[in-house]
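Participant: If you're matching them up, the sequences are chains A and B in order. Quick note: the first sequence uses UniProt numbering, first residue 1, plus one each step. Quick note: the second sequence uses UniProt numbering, first residue 1, plus one each step.
None of these hints come from the bench; they were simulated from the model. In this text, a Cβ means the ideal position worked out from N, Cα and C, and glycines have one as well. A few of these clues could be false.
[Stated by the list, open to error] If you only want the chain B side, here are some residues facing chain A, beta carbon under 10 Å, derived: (1) S569; (2) L587; (3) L663; (4) R670; (5) Y848; (6) W849.
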Amino acid sequence: MKDTDIKRLLYTHLLCICSIILSIFIPSFFLENFSILETHLTWLCICSVSVTAVNLVLYLVVKPNASSKRSSLSFKVTRFVKCCVYFLMSCFTFHVIFVLYGAPLIELVLETFLFAVTLSTFTTVPCLCLLGPNIKAWLRVFSRNGVTSVWENSLQITTISSFVGAWLGAFPIPLDWERPWQKKVSVGRGGHILLNITWLMRGGLTIQTRAPGHDSPRCWRL
Amino acid sequence: MRLGSGTFAACCVVVEVLGVVLFLRGFFPAPVRSSSSSKHQAEPPAPEPSAGASSNWTKLPPPLFSKVVIVLIDALRDDFVFGSKGVKFMPYTTYLVEKGASHSFVAEAKPPTVTMPRIKALMTGSVPGFIDVVMNLNSPALLEDNVITQAKAAGKRIISYGDETWVKLFPKHFVEYDGTTSFFVSDYTEVDENVTRHLDKVLKRGDWDVLILHYLGLDHIGHVSGPSSPLIGRKLSEMDGVLMKIHTALLSEERETLLPSLLVLCGDHGMSETGGHGASSTEEVSTPLLLVSSAFERKPGDIRYPKHVQQTDLAATLAIGLGLPIPKNSVGHLLFPAIEGKPMREQLRFLHLNTVQLTKLLQENVPSFEKEPGFEQFKISERLHGNWIRLYLEENNSEVLFNLGTKVRRQYLDALKTLSLSLSRQVAQYDVYSMVVGTVVVLEVLTLLLLSIPQALSSKAELEVPLLSPVFSLLFYLTFLVLSAVHVIVCTSTESSCYLCSLSWLTAGGVMVLVSALLCAVVSALTKVLVRGKLLSKNAAHSNSRWSELDLLILLGTLGHVLSLGASSFIEEEHQTWYFLVSTLCLALCHDIYRNYLPGDDCEPQRCLHVEGGFDGATPALQDKNTSSAVLELNRGCKSPSSLGTLRGYEKWMVLASPWVILTCCRLLRSLNQTGVQWAHRPDLGHWLTSSDHKAALSVLAALSLAVIFALIQRRCSPASKVAMALGLLGVYCYRAAIGNVLFPWQQDNKDISKGILEARFVYVFVLGILFTGTKDLLKSQVVAAGFTVKTVGLWELYSGFVLLAALLLRPHNLPVLVLSLLIQTLMAKFVWKPLRHDVAEVTVMHYWFGQAFFYFQGNSNNIATVDISAGFVGLDTYVEIPAIFLTAFATYTGPVLWASHLVSFLSSEASSSADGSTHSQ
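Sequences and hints are given; from them, build the entire structure.
Facilitator: Written out as structure tokens, the structure reads:
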């Protein structure tokens, strides 16, 4: 049971990473002047949409927690609506937190909000898929020793590493971007540095937490 | 030797300060300057050297130019004039550079590339050191010998238009001036119009000798939109027009006078690719320097390429050009092309004057100046010069004379170059030996301190300092011998001046004894700890303590900050690091709170276990149980904080909301003052408030802030100091109204602005009163053992005294910083630290973080230019050194000082309440 779970987990994560990588290359066939650095906003949209789609599809196909007791249509609809509301709320909460962290209030609103959406897709969407709109379950998973299954364990690791990655992504901002090694990473335009790194973190191959996590930090102006 | 832990800590701090001072003395070498007093007594100029025959030329040579116009364009980079932009936008200047009667140079500015030090460098020829700022705290006026002062002493009439830095640097030097402020960076037309509007009149009038124009617009454009903005081109064309106007006016006037006039176009510093300046990149340090005069007429086909020179060279050239003595501290050398057209005798005379001045400077700053190659070259060329003069006076064979003269001239130029080089090297030289010794002392004390922490924090608060036994050990004497030998070797072999070597042998020996004694103490403390650690590891059962996320964040954040200081950008933008860390800390606290207060927490017992386990492991001396005073939190470790039940509804909500309130406060403060380098020019609330249009808003804000300060601070004061506090805060407002920062509601206008001496002293009385009561309470608690409450009250009084002083010294737009700092402290103490039972270490580190963040919230940065010197003059008639330095330091470090004093008072109050709790439970 556990082994099959771990195998499926590995495949889902590989799929997620693939979707991120594909979202870099595929759109350039359809859209003109598409590149991550120049049209980062478009890329972010595409990336978050594709990751959400992959997550949803996986949820529908794999069904990690087959514990739906009731499956009436109205229940499903309310569940779906609730999920959407939660997602939007998380987007707005993240936006508020970014502003509190120092993102400008009025300029670059779109950038900040898109970042909030991206971070939400990497954190909230998997949670919603796996646990449903159930705050108690969320709290259980994210408190110490509250994890019950491999899926929840992977969820915990990916979400936390997303946050940590986004947090770490802010560190290069104060750099001058004048040294050669910095120029290679530099995406700064007029001082508004929007750095996109897909931070791939692979969990250790221990039996307990064989969970390759991924996240995509995008830092915002401090 | 047994010592109380307080005494031990004090000793360590003293030695540490000594070490830091030693290090700084090595790191900031004393600037090269002439030791003769800055009074400009007329020193007779060096006579022309002559071998045997007496020269008839002992006076200063006459001026070369009748009029000098200096056009200083702020942030003019070299490629704006000599590059493609110059060709495109400055056609007239390009014509002058390529074909006109001019000499062009690329002058290299030394960092810091900021306007004021650069103007100083241009006018004194010296390189302003960092230590200068400390030494010249008393007045912004330039006291060093400089061209402007010399010109004024020689009776020249000087006019200055443009940046008001000139007026501040040279007060009462100008017969006419109009200072424009570089305050509103977004304005780049008005500042320059204000300069240009005077031009026509002044050029027509012609009753001046030196005209200084300082245009700020280009710098402002750079700050706002960078060097590639289209505005730059337009501004350059405007400047080109100004230059043409001045040049034609000068040319038309020249026909009436005998002497030609000189037009100098220069920039004070360059502009980086992002539009800022201050650092040392090539774009920031290269500035154009263009000398235009009909004396520099050239033959057709004479192509002159811009030569690379130092910015400091201009001072000597200007002095010679105006017939003035060269400023004493100038390290630059004469720009030779400027005097090339003169007769040989005059050329040699000028070069001689310059060399003599540089040699004098070298003699005063380098002890072994005779060994310097420049000095030898000077002696040779002076002898040759004397011979040449004798020949010149005797015979008139021009061919021989010319050839000989050329040789002497070459000698002089070489000597000048060598002298100038060795002098500027003197400025930029670290005293590595002193730095190493200082570092060693600091590190040794630090290790000793770290090793003795467990012992010092134990119940007896006493520790055994292993000092006597090592002093008689073999190791001590061996180290001492080796160090002395090293000292002798270093001091005899070193070429440059070294601070430690210039000390007397006794003092240096003392330092060596200190270093070796500390080393032995560290070694013996280390062995003790190791032995004890071995014993301990046998019975250490509880090593399963886990760190909470908050501990991890605090540790990693502090370490990360230290590591980030390795990159210069992170030092420039250190405030970003602190803001980021503080915000993260708030979120982490938030997480902590929600985990503890929302249903479904099952980690609370674990946390208790962790607290107890962690501390027992660290301090084995804690086994005896009556240790409530030294270690506050431990005994209360596991009282099972059934948190949800104990708190009332309102308090619970406050606890849940407080991290968010604190985050919001930090966000507000962050937009109050923009600091750092890269984004310092962005508009912020502070500038909006201080602009004269919004005086009413500032007044309301200041009054409101003072009221809130009173409300927050009075709750734990004694009645007497409550009254003193209220009166003091009222006095602060009166002081600000008196000096014209804010308005009284009933006096809208016709207020004459005074210095507010009376009001400020009124406040000082209350500050001293409150501090005195606080100290008295503290002493009482020490002597009579009156218990913790008296001590707590005393500490709080001291703290409120500091708050009042800060309210007086901070500029009115910074009062919200003080208010929000008090608010955050109150919220944290009441709703975060107490309910969540953070331990002493955590609380201390959080205080440190917030203190650092508030240092930057005030608008400070690691740039020395952001120090607000005006705080040193509050309530003082004239400059008095000690109070001024103290007040400035306090105003700069208000944030850290207030948080540190809050920490002390908070810990003491916690200790007292825990002591109360333990007596009750018994």
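Participant: Could you check the structure against the hints above and give me the numbers of any it violates, in ascending order?
Facilitator: Numbers 5 and 6, in rising order.
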